[in-house]
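Undergrad: Place chain B on chain A using the hints.
Those protein sequences? They're chains A and B, same order as listed.
For the first sequence, our numbering begins at 1 and goes up steadily by one.
For the second sequence, our numbering begins at 1 and goes up steadily by one.
In case anyone wonders, no lab produced these hints; they're calculated from the structure.
Just so you know, not all the hints are guaranteed correct.
Calculated pairs, PhoX-like style, for lysine-lysine (alpha carbon to alpha carbon, straight line, at most 25 Å) [stated by the list, open to error]:
{"no.": "1", "chain 1": "A", "residue 1": "Lys127", "chain 2": "A", "residue 2": "Lys65"}
{"no.": "2", "chain 1": "B", "residue 1": "Lys203", "chain 2": "B", "residue 2": "Lys224"}
{"no.": "3", "chain 1": "A", "residue 1": "Lys180", "chain 2": "B", "residue 2": "Lys12"}
{"no.": "4", "chain 1": "B", "residue 1": "Lys12", "chain 2": "A", "residue 2": "Lys173"}
{"no.": "5", "chain 1": "A", "residue 1": "Lys88", "chain 2": "A", "residue 2": "Lys65"}
{"no.": "6", "chain 1": "B", "residue 1": "Lys12", "chain 2": "A", "residue 2": "Lys175"}
{"no.": "7", "chain 1": "B", "residue 1": "Lys104", "chain 2": "B", "residue 2": "Lys153"}
{"no.": "8", "chain 1": "A", "residue 1": "Lys175", "chain 2": "A", "residue 2": "Lys88"}
{"no.": "9", "chain 1": "B", "residue 1": "Lys113", "chain 2": "B", "residue 2": "Lys153"}
So you can see what is in the structure, the chains are spelled out below.
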Amino acid sequence: MGWMNFLWRTRGRQRLDWTDVLSYTYLVVGLFTMFAPVVWLVMSSFKTEAAIGQFPPTFMPYTQKTVVVAGHDKPLPLFTVTLDDGRKREMAQVQRMGIMASMVDPAAPEERVQVNIRQREPVNTLKFAWGNYTELFGKFTFGTYLWNSVFITVVATVLTLLFNSMAAFALSKYKFRGQKGVFFLIIATLMIPPTIILVPVFLVINQVGLLNSLWGVILPAVATPTGVFLLRQYMLTIPDELIEAARMDHASEWRIYWRIVLPLSAPALAVLAIFSVMWRWNDFLLPLIVLSKNEFFTLQLALNSFQGELNTQWHYLLAMTVITLLPVTLVFAFLQRYITTGIAGAGVK
Amino acid sequence: MSTLELRALYKKFDQTSVIHGVDLQVAHGEFVVFVGPSGCGKSTLLRMIAGLDVPTDGDLLIDGQRVNDVGAAERGCAMVFQSYALYPHMTVYDNMAFGLENAKVPRAEIERKVHEAATLLRLDPLLQRRPTQLSGGQRQRVAIGRAIVRNPKIFLFDEPLSNLDAELRVSMRSELRELHQRLGATMVYVTHDQVEAMTMADKIVVLRAGLVEQVGTPVSLYEKPCNTFVAGFIGSPRMNFMPAALVRACPALAAWVPSQAHQVGIRPEHWQACGPGEGLSMTVRHAEYMGAQRLVHAELQDQTRVELLVDGEHALSAGQTIHMRVAEHHLHVFDPQDQRIERAAV
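Next up, chain A with everything else stripped away, as it sits in the complex:
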């Protein structure tokens, strides 16, 4: 029960200190403001199309109850009707004409009653509309978008880790003329906002014929100054003696990199992997200019294109947004312990 102790830890021994009150208030308010929109999004993604448009909005996904009535093919929606004499009855609606609806008691299907629509309330039940998710895979070539996003993220992250760590290895463990110059040049590119080089990048991608190719999104993003810097700083902490020992052990420079330096840089690699996954998955601008054909869209582009149409299908859009959030959340959940240890280690030592 260690984490319970942690959660209920207070400064005051017996009673709550004023700092406890202050910090817990702060934390609760923070948790609410940060997390409420996400929770609302997730709940709404389980609502039917009708429930999303409903006013006033509800937090939980409710749908109207339906009953099968003899003599009708389809299930009929169920309402609580307040009769003229003040009694309340649950009745199914057969059809609606203007402000009048003809209702029927499910127990006695022959007897129809005309009711003003202001006299009835829909009977709601809690129902999660899983259809938003399951139908998604059949619609809008959602599978293709998902695959595009996953492919770009995974391949770009693997390549980023590989190339950045090779650059970092050279910059941290070899001594050569102009080593500092190269390093500062790489760091200096951090000063250039990506939007400024967007047009040149587009021109280059166009020239090499990578427009409307997933590689056109992957390749420009592979070399990152942040990654080189992060890994180099971490690799500086790996003792040179280990590399010398490996050199005496007949290891080639490639094997030193692959078998010694890379495994020992795992914490920094994990941090970079998290960053890279977040960057690539959430990337919007570069895919937007490189990928103009529908079949190459990433999830982010697809989300964007849905919104522009006349008829926004919010229930699918919300479900898709949730799916888009998942991978980054998962990566973060599994690798987050490295972020603190890795960043601390890379920065301080």
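TA: Only chain B this time, still in chain A's reference frame:
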């Protein structure tokens, strides 16, 4: 056979010169110890032999072949680092097997060799552990095991015992000696600890500021140090130095001090008590009781401080005046350039 020869070896780092021309010959199967104060270049010398540093000038020969331009891996040397430099993410077995894997040795043979070395060093139960799960002495043995499996021509040790506690250091010292006898390999060992040098070496190389001061067996270095530096460095507690004039003033010892002598050195353990007028008289400052022996700090007439090792049963009190002399062959004399004067030549 594996011999090592250094010919006029120089090393410069940028503008700083670290090694100023070292000549040395090491025969097959010798245990050579480089000893000297920190910063004397002994580790640099070892790293040049290993191939981790490149000499600025001079020749380095292994088995008569010039190896200046041969890479570290191809020289056939194995090195045990001061920090052991074990790969922390690999098990003991993998640490020892890594070099053989790189050399493309068949898997079965790797296994045989690693287990052989592990048995020799009593590491069998630890093969699947990681270096962080080992004690200092065990890590030390793994580092040695990693060197052994490759069956090197020359073993290089860079202060391997300096991270161990005093007790373990003593036992590892004898283990290393035994290992040397069993393997019969050429070993070069670097240390700043003259006790290690004396107890382990076949041949000691005393270095100071990038120059070889003296090369010889422990006995010859102890009995005939060629200058005051070696005399002061070898032997514990340190040799006492006093002005030659002071000793010459003592009639009993004057005959052994030649006219060109500038300093006289006497080791603390060589003093002998004598009657007044037969030796040097000195005043006891204080005495440290060490059980079998007593280390006495005393002051000569001209306020030169000297140390004496006397029998533990001798009770000496501060302020007491004592008289001490020394046997002729235990009296070392040095000229104004701090070089030893052989009395036979007088």
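Undergrad: It remains to establish, for every hint, whether it holds in the given structure.
TA: Hints, one by one, checked against the model:
no. : hint                  : result
1   : Lys127/A <-> Lys65/A  : 9 Å, holds
2   : Lys203/B <-> Lys224/B : 14 Å, holds
3   : Lys180/A <-> Lys12/B  : 22 Å, holds
4   : Lys12/B <-> Lys173/A  : 21 Å, holds
5   : Lys88/A <-> Lys65/A   : 17 Å, holds
6   : Lys12/B <-> Lys175/A  : 16 Å, holds
7   : Lys104/B <-> Lys153/B : 19 Å, holds
8   : Lys175/A <-> Lys88/A  : 87 Å, violated
9   : Lys113/B <-> Lys153/B : 16 Å, holds
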